[in-house]
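Q: Chain A is fixed; fit chains B, C and D onto it per the hints.
Listed in order, the protein sequences are those of chains A, B, C and D. At position 254 of the first sequence the residue is numbered 254 (the numbering used here), and the sequence of numbers has no breaks. At position 111 of the second sequence the residue is numbered 111 (the numbering used here), and the sequence of numbers has no breaks. At position 65 of the third sequence the residue is numbered 65 (the numbering used here), and the sequence of numbers has no breaks. At position 139 of the fourth sequence the residue is numbered 139 (the numbering used here), and the sequence of numbers has no breaks.
Think of the hints as simulated: they come from the structure by calculation, not from any bench. Some hints here could point you the wrong way.
Here are the simulated lysine-lysine pairs, DSS-like style, with alpha carbons at most 27 Å apart [stated by the list, open to error]:
id : chain 1 : residue 1 : chain 2 : residue 2
1  : B       : 280       : A       : 280
2  : C       : 100       : C       : 144
3  : C       : 377       : B       : 53
4  : A       : 197       : D       : 71
5  : A       : 280       : C       : 174
6  : C       : 379       : B       : 197
7  : B       : 53        : C       : 379
8  : A       : 197       : D       : 174
9  : A       : 196       : D       : 140
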Amino acid sequence: MSFAEYSESIAEGDVAIIYLSHDSMMPVKVQRGAQTQTRYGVIRHSQDLIGHKYGSKVSCSKGWVHVLHPTPELWTVSLPHRTQILYTTDISMITMMLELKPGSIVCESGTGSGSLSHAIIRSIAPTGHLHTVEFHQQRALKVQEEFMEHRVGNMVTVRNQDVCKDGFGVSGVADAAFLDIPSPWDAVGHAKSALKKQGGRVCSFSPCIEQVQRTCAAFTDHGFSELCTIEILLQVHDVRTVSLPVPDFGPNSDLNRDQKRDQNQTQNQNQSSPGAVTIKTTTVPREIPGHTGFLTFATKPRT
Amino acid sequence: MSFAEYSESIAEGDVAIIYLSHDSMMPVKVQRGAQTQTRYGVIRHSQDLIGHKYGSKVSCSKGWVHVLHPTPELWTVSLPHRTQILYTTDISMITMMLELKPGSIVCESGTGSGSLSHAIIRSIAPTGHLHTVEFHQQRALKVQEEFMEHRVGNMVTVRNQDVCKDGFGVSGVADAAFLDIPSPWDAVGHAKSALKKQGGRVCSFSPCIEQVQRTCAAFTDHGFSELCTIEILLQVHDVRTVSLPVPDFGPNSDLNRDQKRDQNQTQNQNQSSPGAVTIKTTTVPREIPGHTGFLTFATKPRT
Amino acid sequence: IMADNGDDDSQYRMKEGDYVVLKRGDIFKAAQIVAKKKVIFEKQWFFLDNAVGHLYNSTFEIHSGQLQLKKTSDTGGSADSKEAAGVDNRNIVDDGKSQKLTRDDIEMLKEKGLKGQEIIQQLIDNSSTFKDKTEYAQDKYIKKKKKKYENSVTLLKPSCRILAMMYHGREPGKICHLRYDTLAQMLTLANIHAGSKVVVFETCAGLVLGAVMERMGGFGSVVQMYPGGGPVRAGVDSFGFPAHFHHTLHEFPLCRVNALLNGTLEAAGKDPGNSRAVQRNSVWRPELLTLRARSQRSQRRGRRRDEQEKKQRLDERRKKLSAAAAVLEGRNADGLVIASRFHPCPVLMGLLPLLAPSRPFVVYSQYKEPLVECYSKLKEQGGTVNLQLTNTWLRHYQVLPNRTHPVLLMSGGGGYLLSGTTVASGPSKPGQSKPCFSNCRTCDSAV
Amino acid sequence: IMADNGDDDSQYRMKEGDYVVLKRGDIFKAAQIVAKKKVIFEKQWFFLDNAVGHLYNSTFEIHSGQLQLKKTSDTGGSADSKEAAGVDNRNIVDDGKSQKLTRDDIEMLKEKGLKGQEIIQQLIDNSSTFKDKTEYAQDKYIKKKKKKYENSVTLLKPSCRILAMMYHGREPGKICHLRYDTLAQMLTLANIHAGSKVVVFETCAGLVLGAVMERMGGFGSVVQMYPGGGPVRAGVDSFGFPAHFHHTLHEFPLCRVNALLNGTLEAAGKDPGNSRAVQRNSVWRPELLTLRARSQRSQRRGRRRDEQEKKQRLDERRKKLSAAAAVLEGRNADGLVIASRFHPCPVLMGLLPLLAPSRPFVVYSQYKEPLVECYSKLKEQGGTVNLQLTNTWLRHYQVLPNRTHPVLLMSGGGGYLLSGTTVASGPSKPGQSKPCFSNCRTCDSAV
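In isolation and in its complexed conformation, chain A is listed as follows:
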């Protein structure tokens, strides 16, 4: 197992994702003799995990779970939050718009909980490298440890420094740079010098429009071009079967109503009870994330 390469079977030392339900997954470090408690009962690593294939079903005392091979996307929904994190919807857009691919050299700050970092490493492996800068020392140490556990440590360098003061610690090597810090405008110059002289792409993520305005001004001042600010929101559709009652318009309309019911039945609808039709539909959750942040992209010209 590695976060950048699939394996068939679960081995000791792997990090596996225990899938309980769509909104409940937990990462587990597989260790001989260890046990993990879930709401469906205990998982014994030696018997239930090691040597089994990824994707297997594990029977517990109160039900069963599936063990999944880790991916950056599963990690994003199951990682321990130490900060606000970036989610897959934004990450997808960042990856495409920064033109990441195997071999890309990327700079990132702040590392935070490492949600984006894992996705970047996956995309630039096996020949690329991520230089990620985290201001907060404990967090820098913790994420470094995770990269090792996830067997991607060789493709990433974590630096514990202030990107606004000290930059990314590299110069003229990066194809892309990403900023998720309170004052990105202070780091635009550093991003510029970290990027290759032939040019490159940069992205800044900010929740507030004032941050976007200052950052765009800084990009322009530093000669960046192709400025583009976007926002992307995910809409999840829950598939549901609902029953809609059919009202009674009175005795004289029996013929009429029967006709209607016939038509209803031919149109993907089954009569579940007298006076009601069942339809398949989708609903959106009552409250959804309405804003994560603005993504501003720019191209560094040749310097």
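A: Here is chains B, C and D on its own, set in the frame of chain A:
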């Protein structure tokens, strides 16, 4: 006919809406002996309109059209544009959030092409009054003329002045005020003094976020409360029937495929041609209005 | 602030019996001012008696279950106590020592008589990490603390705006998840205005009916179509309409619509359809009852349920029925508004014949698919133009210096609308096929 | 700008035969640099010959059909010439006299050698109403004038980002209206990365296939499943991948999938299914052909279509088929990406058995309903977890001093995605019913 009261039949002097198609309607001033050209042929007012019922079908040489009773909503989609106008989606929200109802006294600026004005008058009729201020003289005259033609002239006063300098021309009488001007912050004080001392509601419409920021600051400075900035966008769904081909997975799967087709057929799908299923779905137009403006609402406290 | 120059303020002051809406932050609750009647709001109980005589929009503190007018200076938005947010929380170390105030300190502040908001401000001032929290975390912190310490409440005059927001926030299930901006669209799309004749079918607790009545301002007439045993409109009471508004309101049972359209309503007399419907459809019980209705009922309750009373009620119902029938039978209604938990397609098809030609209708559904069916049916059947299937997308913004952004949580779905305009069907040119069945009735009868 | 300190710039310079993307404003077009070959872009024709040796991202002016490097200073965003917009156009009187430059003046400017952008700036400077126009109207004005006078073009190195935006803007019908942000989601949801084995079925002109190949960087293998007579992937050429990328690409006909899964592929030998499929499904013709393929074909063209050539091609195809079959028959693919004009449900059901357990799949459809059907089918059948039906909502912002707002026009629909993860099916506890048929095959055979 009046824009605030329904009539059954078309009379001389009425303004009727000729409905050609969903995105093609034209207002027509009904005059004995007059004719109107449409793409389906000519409409002769004396024979085809006067005395006929609203909603009638008029046969022309190349097809037929419907004649509809005017409403503020039909007016909004058929009026002659002299400015950018407000559309029904925003208008609906403005009407509800300003708590307009019969008897309300409302101030508005600028009048523009009168799209919102007609909707306001409809909602506050027969006992309310609209004071609308338009900077541009020709426009003020034109809209005044339209109000008369639409038989709502008695419920509206048009003033040709600069609201930022001269205010609304009334003081302490309004239940609600609406601003759609480049620098609403300059008119917030005037809106405040136009509103009743017991309080009232105010709305400002602005396309740019910087305008919103300055306007919110002005509202706060003037003691307004319950500040609320929203954006509302309409999504239109076009109902379509589409045919999706079913691919061929090869000879050995005939049984399998037939089963699938059977299931498809029970699920609202008809086989239109061999190897294809027909579904009913909706699509959104390729390009849609992505922004009209921000609506900022506030409550004027008792003064 | 209550001293002013003798203007007519009476309509702006709260009286006993008035319907009001309690507000704290984004939380609303409808209530009626009844002497010595306890209300429960956000897990606190109190009496509204002291509100009488005060102006609407006044904010009160709750002290020992009694309202006490708050000084105006502290009435303010919930965002007030936000300091410049850290946006990033990279400096936060969670050592559990961030709050310098102890529980005893807080109890002391309370005893000193500090108000909820003041206590929260104290907590913020004494939190070493608050300033470094991300804005999202600051929000969460304030909300949590507010829930614990805030004890002020504002009393609002009810309106469609406030009640629609209240229902959407508190009990969306009761109003078929109809969001307030969608309701706003319905009222304009149906061209609701004074003096018209509007047919309403809703199972939204009376919110939609009340919204229509508010827009009509007591001019014209409204017919509420109802399924089952009787109309449900508890929500209408919350609007606190003057009595004369109710004279414009009629009710008519869905199960008699066919009889009405066939001209057999009189013959049907004893109304077997109605009682059958009662059995078939579950009857919705109004949760709120007007004070008057309740006291009348309690008088009646006892054992005396004799024949005479039954007959009286039947007579009353019959009278109501024929009054409503008189309004409807011209088939010349000016607007049709549907928002129900029923399948919209048969409802729309059943009620459309009641409209005059060239009149708007609008149908709400929480789901898109049934409206697609409606749309196809109408297209096939003819008699309508200007059909549009839509939904709206509503976004709130936080506008604060250096912290402006769309609100982090938004409502997922506000439901869907199908709107259109009726037309009469005339002679169509050969080759231009646009079949028309049911609505022919409409135009014929309306002549 | 071309003089620099001897770094290895060769990969950043355009060579003959390179695939490039022409860009003007938001308009893109893919092209190949071929000596003396005319390209047509925005109704102008010109030769790309002069681009050779210049750096990617260079902007050129078009003069007499030839590219001429532009000085860097004028390369800039399209928003440059916007002045403070009037926001309101209340002062505009349309008297037709707002433009002070006459047609003759403009012709003179052109003759003087002024560039397009300079002419537009002159037009703006000489318009008495421009400053008072609303921003929307200013935009429209500039766009109109640009179309008429602009003559610069930027040459970009192709990438998934640029090609996805190009197809979406120019020919959305060719890529099933797949919007670029939706494609971006697909690539992450399917965890596309170097070294994996990915199955792709698309009818998006090769854009999706190219996007997958770009993300794999020539490591691992991709199998393109194709309907009808042969794989369509003209769009892949536009990516300009190095030759070795193509060694990782295999192709396999959909109509042989059942044979593959049943182990009867060898027996089927002569491939009747394939030819039948050719007849049944309309064959898509690639619009762009690589230079090499084209010249080979023209050599072949003549009269010599003899038996030997036919046999050769058949052999080649058989070799390809068995190579692809060898990749697939372990049923241990690491990812599955579907984006086609076909009904997604049978496609997904047919290809899912090719995946190993614990591997992601993603299906695109322009319409929601077919994916709802997919979702229900998968739920009923089992063998997958983490199912999610989504779409994304993409908004662009104009960020300019005092004129910041969401862009006035947005894309309506970007399509829908169904994504999930395969699992092996094991013994399920009694009472916990989760039936599983088809995917059992997957896990058994993968042992």
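Q: What's the verdict on residue 379(C) and residue 197(B), does the C-alpha distance respect the 27 Å limit or exceed it?
A: Violated, because 52 Å separates the two Cα atoms, which is more than 27 Å.
Q: Is the hinted pair residue 197(A) and residue 71(D) satisfied, with a Cα-Cα distance of at most 27 Å?
A: 19 Å, holds
Q: Check whether the Cα positions of residue 100(C) and residue 144(C) lie no farther apart than 27 Å.
A: OK: residue 100(C) and residue 144(C) at ~17 Å, within 27 Å.
Q: CA of residue 196(A) to CA of residue 140(D), is that 27 Å or under?
A: 37 Å, violated
Q: CA of residue 377(C) to CA of residue 53(B), is that 27 Å or under?
A: Distance ~25 Å between residue 377(C) and residue 53(B) Cα, so the pair holds.
Q: Mind checking the alpha carbons of residue 280(B) and residue 280(A) for me, to see if they're no more than 27 Å apart?
A: Holds: residue 280(B) and residue 280(A) sit about 13 Å apart, inside 27 Å.
Q: Checking one constraint from the list: CA of residue 53(B) to CA of residue 379(C), max 27 Å. Satisfied?
A: At roughly 22 Å apart (the allowed maximum being 27 Å), residue 379(C) and residue 53(B) satisfy the hint.
Q: Could you grab the alpha-carbon distance between residue 197(A) and residue 174(D) and see if it respects the 27 Å cut-off?
A: 37 Å, violated
Q: Check whether the Cα positions of residue 280(A) and residue 174(C) lie no farther apart than 27 Å.
A: 22 Å, holds
Against the hints set out earlier in the document, violations occur for numbers 6, 8 and 9.
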